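Number of protein chains: 2
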Amino acid sequence: MNIVRVSLEHHRSYPIYIGSDVLSRTGEFFRKHSLPAQTVVITDRNVAERYLPVVKKSLEEKGFSVYSIILPSGEKQKSLSVCNTIYTRLLQQRITRTSVVVALGGGVIGDLAGFIAATYQRGIDFVQIPTSLLSQVDSSVGGKVGVNHPLAKNMIGAFYQPKFVIADSSALRTLPQREIICGLGEVVKYGIIMNKDFFNFVEENLSQAVNGNTDIFSSFVEESCTMKAFIVSKDEKENGLRAILNFGHTIGHALEQAGKYRVLKHGEAVLLGMAAEAFISRQLGLLNDNSFNQIFNVIKSIPLPSLKKLPLHSTTLLDTMRKDKKSTAVSIRMVLAKKIGKTTLPFPVQEDVIRESIKFLQKNF
Amino acid sequence: MNIVRVSLEHHRSYPIYIGSDVLSRTGEFFRKHSLPAQTVVITDRNVAERYLPVVKKSLEEKGFSVYSIILPSGEKQKSLSVCNTIYTRLLQQRITRTSVVVALGGGVIGDLAGFIAATYQRGIDFVQIPTSLLSQVDSSVGGKVGVNHPLAKNMIGAFYQPKFVIADSSALRTLPQREIICGLGEVVKYGIIMNKDFFNFVEENLSQAVNGNTDIFSSFVEESCTMKAFIVSKDEKENGLRAILNFGHTIGHALEQAGKYRVLKHGEAVLLGMAAEAFISRQLGLLNDNSFNQIFNVIKSIPLPSLKKLPLHSTTLLDTMRKDKKSTAVSIRMVLAKKIGKTTLPFPVQEDVIRESIKFLQKNF
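As you go down the protein sequences, you meet chains A and B in turn.
Okay, so the first sequence: first residue is 15 according to this note's numbering, each after it adds one.
Okay, so the second sequence: first residue is 15 according to this note's numbering, each after it adds one.
In case anyone wonders, no lab produced these hints; they're calculated from the structure.
Fair warning: this is a prediction, and the values are worked out from it, not measured in the lab.
Please note that the accuracy of each hint is not assured.
Since the list gives no way to pick one copy over another, a pair counts as held whenever it fits inside one copy or between any two copies.
Simulated crosslink set (DMTMM-like; lysine to aspartate or glutamate; CA at most 25 Å straight-line) [stated by the list, open to error]:
1) 337 x 139
2) 46 x 252
3) 167 x 193
Generate the whole structure from the sequences, applying the supplied hints.
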């Protein structure tokens with residue numbers, strides 16, 4: 015087992031326990047952190063079937079009582095009305111402030127359960143057990159929790175840190191390929207924004223990972239969490255540096271929304287968004303041709319849905335980007351790549367260059 | 015104008031500007047604190063009619079743009095579904111993270127608008143302008159924000175601090191007597207839990223205050239905020255000392271709920287709760303007869319609804335207290351008075367003594 019520490023001010027630092035079969039040690043970690051005896055495990059049906067028994071057994075063996083809330087799978091659960099149903103169950107169950115919410119599942123469960131923990135009785139303890147590659151490398155570090163609003167994703171939420179995170183690589187063995195690819199999107203991103211050596215390492219091992227050889231995942235998770243932890247510890251509330259994590263996301267979000275979140279998954283949209291934003295970086299003279307080609311080829315080698323399935327109207331996409339919370343009302347800003355391993359902070363980009371990048375995507379994906 | 019400073023760690027300290035006609039200086043305070051140019055004023059119809067024009071004018075004169083959300087009055091607005099309506103309006107209006115929510119109104123507006131500020135796009139700036147005595151002396155200090163759940167009040171929320179608070183005593187001139195009494199409930203509480211001299215001062219000026227002589231309110235507000243600020247700065251998240259603010263609230267909440275929040279207002283219920291909890295303090299030998307009588311007489315001199323209007327079944331009341339989030343699942347705990355100016359921390363109390371205190375209330379109110 016390896017431990018990555020997320021360093022935050024004000025007694026909010028926490029460890030991420032990474033390794034194979036660490037799930038079965040859940041109760042031990044709860045003891046170590048002196049968490050309350052009452053736990054509420056929030057999970058979804060797919061994950062519950064596979065991993066709830068081992069987590070429950072481990073907690074109960076160490077004297078913790080477990081109340082489980084098992085939701086249907088899917089992004090639809092990330093809503094205020096599902097929160098309301100959960101609050102009702104917690105109150106009916108007489109769950110007090112001296113309890114701990116455990117998020118057992120992917121990003122949807124993590125965001126939703128985290129928001130419940132942040133808001134139930136003004137905030138109770140929270141533990142994250144991410145079971146997808148995407149949530150292990152991304153959403154389990156940084157404390158962003160929340161739900162969607164019908165008009166836009168992630169608009170209702172908070173910054174709320176867990177007591178610790180358990181990232182078990184054996185839980186990734188059963189992931190479908192599209193889920194793996196979504197996680198790899200963020201893994202590739204860490205290479206581009208922060209670390210050329212890691213980018214090369216990912217490049218070398220990418221085809222094996224895409225094809226389900228999960229041996230490499232523990233080191234992907236450990237390196238990605240280390241980088242994200244570094245960024246978050248410098249800028250917890252996204253006032254500066256943390257914005258570089260949005261590389262690929264401005265255009266990515268717009269693509270995701272163009273397909274109404276049904277055509278592209280988040281990680282797929284981010285991969286395409288990174289291709290477009292790398293293209294823009296080159297057009298603006300920030301990124302040289304070699305680096306651009308290296309990024310493009312890595313993304314191109316990953317199986318992605320065809321963009322022909324999407325309505326790609328530049329004007330609509332630009333409108334979505336303007337509404338994106340990462341932009342101010344006036345101009346569209348995005349993080350751009352200066353080389354592999356280094357980006358700008360958010361940077362205003364002219365609309366004609368963005369239109370060009372969308373044509374580039376249309377031609378290539 | 016006087017300034018009370020709430021000292022918190024981690025750059026979250028803030029001032030309360032207290033005085034007559036400080037509302038007209040709103041824009042000036044926004045400038046001083048370098049707040050964003052876009053403001054969202056959340057208020058209710060009654061308050062909007064009286065005070066929105068002066069706040070709006072002051073903000074606009076200093077270059078701030080104002081988007082107002084005017085809600086119906088009443089506790090019903092403090093719900094997740096009203097939040098959802100507000101999120102929709104903010105998104106439609108393209109309100110970004112670089113905006114500030116202003117709560118202009120009583121406790122309901124403060125709690126609701128504060129929760130919106132805490133959760134819209136993971137938290138945006140927040141300013142409180144309380145316009146009732148209760149919200150000026152109580153809910154504007156301490157950062158508790160949130161909404162009600164149909165099963166229990168204040169169950170969904172967060173700790174979220176404002177950038178500053180404006181407490182204008184001239185806004186209290188138009189308050190109905192019952193509203194004044196509600197504020198006085200908390201004012202009397204500060205005397206009992208922390209400061210004998212202040213208790214005596216309140217006792218001397220009480221009948222004038224009850225009868226609408228508002229000259230005294232600025233000093234009531236200033237002293238109360240100073241005491242609450244002291245407590246909150248020692249214990250922001252209610253892990254210890256802050257619990258003493260709940261004196262009168264364990265039984266008070268149960269009474270409030272017994273009348274389905276229609277018979278008793280919060281401050282009235284707290285006054286009755288304090289009488290009962292002072293009685294328990296005496297029964298347990300913590301409080302002497304003289305001090306008990308002094309507390310009882312002060313409360314008795316304030317016009318309160320008759321308890322004959324309430325279904326006072328001890329068993330139901332005890333059940334409510336057990337569900338109260340301030341109690342653990344096992345026993346009912348409450349803060350008790352040791353003398354005027356000093357309390358215990360939460361203390362397990364036997365049910366028979368609580369039953370006795372309810373009989374005492376029935377006999378006297």
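Structure-based check of each hint:
1. 337 x 139: between (33 Å within a copy, 19 Å between copies)
2. 46 x 252: For residue 46 and residue 252, the Cα distance is within 25 Å only across copies (24 Å; inside one copy 31 Å).
3. 167 x 193: within (19 Å within a copy, 40 Å between copies)
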